[in-house]
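Number of protein chains: 4
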Amino acid sequence: MKQHHITLTKDSRAPFTNTAMYCVGTGRMGLALHEEYQKQLRAVRHVAPFEHIRGHGLFTDDMAIYRPWCDDEGVWHEGYNFTYLDRVMDSYLNMGIRPFLELGFMPEKMASGTQTIFYWKGNTTPPADEDKWTGMIKALLRHLIDRYGYEEVSSWPCEVWNEPNLPGFWENADKAKYLRLYEISALAVKEVLPEMKVGGPAICGGQGSQDWIRDFLTFCREKKLPLDFVTRHAYMGQSTLRKGRYTYHEMCDVNYTYEEMKTSREIIDSFPEYKGMDMHITEYNTSYNPMCPIHDTNLNAAYIAGLLSCLGDVARSYSYWTFGDVFEEIGVPSLPFHGGFGMMANNLIPKPTLWTFHYFSRLKGECIHRDDKCVIVKNKDGSLEGVCWNLCRNGRDALTLHIDLPEQGAYTLLTSLADEDTCNPLKIWHDMGEPVSLKPDDVEFLRTAAQPMNASVKLEAGETAAITLGQNGVCHFILRPYRHEGEYGYDYEWYREHC
Amino acid sequence: MKQHHITLTKDSRAPFTNTAMYCVGTGRMGLALHEEYQKQLRAVRHVAPFEHIRGHGLFTDDMAIYRPWCDDEGVWHEGYNFTYLDRVMDSYLNMGIRPFLELGFMPEKMASGTQTIFYWKGNTTPPADEDKWTGMIKALLRHLIDRYGYEEVSSWPCEVWNEPNLPGFWENADKAKYLRLYEISALAVKEVLPEMKVGGPAICGGQGSQDWIRDFLTFCREKKLPLDFVTRHAYMGQSTLRKGRYTYHEMCDVNYTYEEMKTSREIIDSFPEYKGMDMHITEYNTSYNPMCPIHDTNLNAAYIAGLLSCLGDVARSYSYWTFGDVFEEIGVPSLPFHGGFGMMANNLIPKPTLWTFHYFSRLKGECIHRDDKCVIVKNKDGSLEGVCWNLCRNGRDALTLHIDLPEQGAYTLLTSLADEDTCNPLKIWHDMGEPVSLKPDDVEFLRTAAQPMNASVKLEAGETAAITLGQNGVCHFILRPYRHEGEYGYDYEWYREHC
Amino acid sequence: MKQHHITLTKDSRAPFTNTAMYCVGTGRMGLALHEEYQKQLRAVRHVAPFEHIRGHGLFTDDMAIYRPWCDDEGVWHEGYNFTYLDRVMDSYLNMGIRPFLELGFMPEKMASGTQTIFYWKGNTTPPADEDKWTGMIKALLRHLIDRYGYEEVSSWPCEVWNEPNLPGFWENADKAKYLRLYEISALAVKEVLPEMKVGGPAICGGQGSQDWIRDFLTFCREKKLPLDFVTRHAYMGQSTLRKGRYTYHEMCDVNYTYEEMKTSREIIDSFPEYKGMDMHITEYNTSYNPMCPIHDTNLNAAYIAGLLSCLGDVARSYSYWTFGDVFEEIGVPSLPFHGGFGMMANNLIPKPTLWTFHYFSRLKGECIHRDDKCVIVKNKDGSLEGVCWNLCRNGRDALTLHIDLPEQGAYTLLTSLADEDTCNPLKIWHDMGEPVSLKPDDVEFLRTAAQPMNASVKLEAGETAAITLGQNGVCHFILRPYRHEGEYGYDYEWYREHC
Amino acid sequence: MKQHHITLTKDSRAPFTNTAMYCVGTGRMGLALHEEYQKQLRAVRHVAPFEHIRGHGLFTDDMAIYRPWCDDEGVWHEGYNFTYLDRVMDSYLNMGIRPFLELGFMPEKMASGTQTIFYWKGNTTPPADEDKWTGMIKALLRHLIDRYGYEEVSSWPCEVWNEPNLPGFWENADKAKYLRLYEISALAVKEVLPEMKVGGPAICGGQGSQDWIRDFLTFCREKKLPLDFVTRHAYMGQSTLRKGRYTYHEMCDVNYTYEEMKTSREIIDSFPEYKGMDMHITEYNTSYNPMCPIHDTNLNAAYIAGLLSCLGDVARSYSYWTFGDVFEEIGVPSLPFHGGFGMMANNLIPKPTLWTFHYFSRLKGECIHRDDKCVIVKNKDGSLEGVCWNLCRNGRDALTLHIDLPEQGAYTLLTSLADEDTCNPLKIWHDMGEPVSLKPDDVEFLRTAAQPMNASVKLEAGETAAITLGQNGVCHFILRPYRHEGEYGYDYEWYREHC
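Protein chains in written order, with my numbering: chain U, 34 to 532; chain B, 34 to 532; chain Z, 34 to 532; chain D, 34 to 532.
Don't read these hints as lab results, they were simulated from the structure. The hints are all genuine.
For identical chains, the list gives no copy identity; a pair is met inside one copy or between any two copies.
Dumping the calculated DSSO-like pairs for lysine-lysine here, alpha-carbon to alpha-carbon at most 30 Å:
#1 257 - 308
#2 223 - 472
#3 154 - 72
#4 413 - 43
#5 256 - 308
#6 397 - 35
#7 472 - 72
#8 276 - 491
#9 230 - 472
#10 165 - 154
#11 257 - 171
#12 397 - 472
#13 210 - 165
#14 35 - 491
#15 154 - 142
#16 276 - 165
#17 230 - 142
#18 413 - 171
#19 223 - 210
#20 472 - 413
#21 295 - 210
#22 472 - 491
#23 406 - 491
#24 208 - 154
Hey, can you work out the whole structure from these sequences and the hints?
Here is the structure:
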């Protein structure tokens, strides 16, 4: 058993910027038409009210936006179809979430090449005709303004393309062509919506990635291009092992990832024109692979807790990739638990990571303590609220947190705990024999098993709060000054003494 | 720690009749108009699909059924208003539950006296005019037939009055007047609906109660009255202590209650004409008081498990009093947990007893084992399913159940456990300081805390199943022959070994 | 056929203040616990989004708020139970509507007398002990602040009692005692919530009513009492005929009622201290009787249209009495259509008056025309929007409105019409034989019949818009500059020419 | 004005078999994952409770069922993924509708060629390996049995492929290859599920189509193949005109289509082995093109009424193609009204044809009259119920139906009418300027406009019922013996006489 002692005083203060709810990732736009997708998004937002949503495939053919047409004299005209776009955007806005637009990929009929990515075949080549590309962007924005109003649409951030530093996502990872794409796209956006914030280069990490940021900023500066924020991604998977269709990695540690992000932050700040500019981590997760079993584990939840405690130091936002498991990048999932990115498995079964987000979403007070296992804030009403976690990388010991309280008097301690013993639907599914197709009773059983364990303790004056987390546990707690209400004659103890 | 060993063989068999879902009790009919009532009933039936519902007050004035009217010449006419009746019955039938009618109490304008019972003032005196009483019954049934069809209404059982052996419920507990009421009521029912099953005397226990049954049967036999079933109640509260508005009892044990019911059964069977006739226990619970804190406890859940395991031996049905806490007999509840009868507290917070019902509702196979801690059935698909409980009357030890399995091979053991540690919302509310008015966050916290703990174990061939229940725990388990599905390359263990 | 010509120019302007959505009336608070009530309120607000809701009975015993208690030594203490209050207020706020508090009636245990009003027996006597009354008000407000926040509760207007100038509503219509009640109540409110707006005297019309206002203001001025607004009621029923339980009146005309309100306005303005102070008409309707068949008619809808076009000239708000038919003042309704106050009949069947409110709720632009049959506003997007009505008091002619448009070009005219031919569920129910208990198919039939008739015309450049309303019709219309979108090759006319 | 007189006597009888609700068509299976699809299906079934649903694309790649896999040694194995299948089938069964299976099209990895059909690229070539095809069918059925039970799945009819007599749907319209496909498929079905009903050849009409049926039956007879029913399609579009992407046809008349179906019926009956065998018309509509504007018109509704009155004479069922407009065969619709097949337009706007189905769904009594404008049945409760229609092919006159009633006494006549004046959302959308993207207010306006006009008349004894239908109107009516209920003192007429 690991022990961790924290002493809080009335003057305790610690840095902590919490924008965990700013944005979340999603499978391609077209999947937002699915009922299961909508149900998962509603269920996730019920406990983790993300404000923006970002995903690929806005212009991919299943969204059916680009539709040139031919008149009866055989002349072709540019044309667009916003039926599915409206349906998706309506669903987001009605639910209270806003898009973080990503301009991509290329409609087949507009593409310069045939390279595609993913099971769903997103074309990843530059436009054959730049005017058609910018014409489509402008038509899209004008349509959105017409439907949702200028002010609303202006508030959506807009990013150009995705991971152009990978040849799969952008033909040959051709940097010059990306910079040109950024240039024409950003100018097109600002022509229609000067207030819309636009940014790039949406790179993933790896060799040379920091150079991409530097080159991108240099290019924007030289060309005096519109630029409102810088974007990049953060994944923790290192060496890769494949078994069948599944992927397994060793993970780097949280600090390694933090340092990588901090380096990007410093590069931005090294440009006087861009110093302090927002950096959005528009994707992050442990593994970057949607069939990597870690995503369904408590281990994942604990890693993410570590990230959420520190990424706000360097980034304006960080968008977990992805909220749910309606996702098809390497095919339609065949198992209920298959290592998908989602916080929620198909059939609306929460994964442990969902609770990490739920817990952080609640931290709104002033931070009074932060370390590598715990963040604690103080609320206006005097209560203390925190999240702690027990990442088990070497050894599998439980962790007990001891908190010396800053003020006299009795407290109520409420804890909500998700660890391998209390909230581990993956383990149950495994013990069930890893069934491919879940029957309704098993779905219900797993959903209940996927709820965290809520418990309470009354602390008498002078007692230390002690919170124990099992393996890879994440725990939310509130410490409230105790106040008794009740009613005359109500005696809770009676039946405990006279059973 | 208590230990309990069970050895199952292929030939194990045990008696067990499970009609736990036949009927459930409800606060007075008029409360069925409430939205909170409807929500609680839907929520309860989602996990415990009761088939019938029985409560008082069908003819009490808030249902506004009896409405004589005066013409412009000053002449009075009998008249009825079925607006609220329709609304309540529609709500039941649309939900899939049917009424178990209870004819009572007396409309004020039809009453011979002014005695009332409860905060809501149900008049408990005989009719001033028998023809008006039977006229109302017949009008009611004709209206129901017109609205729901003859066949549907015929299937609803019908009981005459409630607990006439108590002077509060029936003026002076006048037996002769009750027998007369039964006579005219039963004949009125059969005049309109010969197929409707009718019965009485709906007595509660206590001194002289068995005599009431004997006298009632004798009367029916002599008068050759219609009689389809016999009804009575079962409560376990003994000595009573009052504090403020709250009531506390010592409880008799399950066997004592069982024997009391068995005596009634034997009385019925002693009449050759009535031998084997259905006996319905139209109310039962631990305490008969709606502000008795036991109802909210795990102790209550364990007592009820004991009753559910044996009452089917002597009764056709047994109707838990009541499904929810929208209830006003001694006033509107002022605390979220106040010892109300419900399986569900106000604000839709399940109490432990709800899970006892959920667990028994699932036992549909052939019984292979029953003792005072456990019932086990075997399903057609070969799985074993059971409920076990750890009633803690003296001492507070945990209980471990060990089951030697009847067939070779690996098993998946799935357990759902509600004990004082895993599912005890009352304790949390107490630790919170017994707040009078719950804020939304606390409601959510309590609802999650009120879910049982679901867990799994894979048993290798030859292993014994072991199930541990904490204090006053009730546990449902399934033992399924283990079968592995999964998918090639999916390796659950990898991240457990490489974290 | 009546003809009415309107010529609009670019400079047309007319006075019109539209606060139709500020407030709506409701049956007593306790009925807000009913599911049917909640459904009706949601359905009404879906088309007429009222912002506040006001009704009687906050302190009447079915809300169970006042609950003094006795300790085990026999000493009594003041006490309150907010279980039902929370449930009702939660339901309002979750739906997006705020209370307009009315302080009344008297809890039985606090009353100085036994006089009650209504089937539901609201006690209408002064408090036996003023301190208990003000204690209860202060406890109520403190509880509301604790639950909903200071800022939220401060925004709810608060009125003292209801129609004290009627002896039924206030024992002996004792003016001095009402003024005293106002004094202590207003001071109690401000003690807890200085920002809460408080007012009175909530009188109904009739002889001496204007004097009550004058005396009330004089009293407040002299005592320097808190006073934020003045309230009164407006009903149009004159001579009364009774048949059985039903009431029939001749109605005064809209202008008569307007003048009555204007007189009150002028009285207020005649006090220098109160000049321009808000006057809220906290109840109005045609008849003041809840079994007056006019409320279900198109005639009622047309009268209300007339009132909505002018009441904003003199009053800050006007609150239609009531939104729905879950209402028990003179008993539980026995017919689906029984002349209840509601805009919606039981079983969720809209009455024509609902559409009058829906139509006025949409008028948000700048008024460019108003007369006794029509109001027209101009929206920012250039469209014109209006409501017109055809009140048929003598003769039953249809009315055609001709509008000369202010700008050149084609228009789309969209009309939504509720008149005796297009939207008259009452007539259908009558033709059905006035059934007491509606079967589901008939409910569906009536609901569809209760929808207005929506239609369109394309007006070519230079055409006059013509709108025809049948008997007692109310019509909403929009005139939009016509713009063609469509798609190449889509030919609407083809099948009209080739069928 | 056209006049049509009907005289009914107590002995009137007419033939009429109504199986309008047996089955309905749907866009490809994969679209059933869409939320808008599910909403439309629920909304359609709310008024027209179809029992089965049939569509293409069960095995097309977006359903992702066929998934062979490769082990780490490079060996390939057959494999299947039922994630999406389960999701779709769950949604159907939870809603209460059952699949009418259609086996097709070919998974790309199993196909012998590359020919595809539709925007969504269904492969329409024979299997490269017959064993893989039958292996997939058997695996599918075994999975369905495991999930839904043997009895449930046995009750689903199963058809082999779609329109193999068209070269687009089956490479070269190769009859021999289709017969072989039928042979292996039917045998595979029966191997797993002997009770499942299987049939073909699912042909569309046109030259040679009757020969296909004859040859198919001959083949089955000679090979002694399993065969439970024969299937074919029926469309009324004749000559075709194209404008842009839209299609316009002259229509043949109802009788022509009826005769075509009757010929198929007679062919079947000419085989002694198959005489009387069920014929299912597994698709029918006016036009076979999903961008043919007729589908949105009242004209379409009137045509379909004609078909529904007679197709039951020759076919066991007839499945309207399709229930809704979530449909992609020639691309994603770009206009709200674009001539899609659906009974309901996107955005949940009913088209007139929906009401034709609603009206016929209600005809359950014994038929007492049928002609080319009207069907009338008599219900057990003595009421008469009918559907009449006014197809306007030449001239656009209204039609008045006069019905001499068979029994004395007063009647209530309830009519629900959808004609060009009362229920014509297409016309309104056209007058709006054919907007591409509907704003919420316009959606609401159109939804209300798309409701039929419900009205009532009280007929005095001896009066003739008269029902007037405008252009292309379809009308449902009930004639009930009039019975007055009401309440003493309620006087409907008073306000009509004293307004």
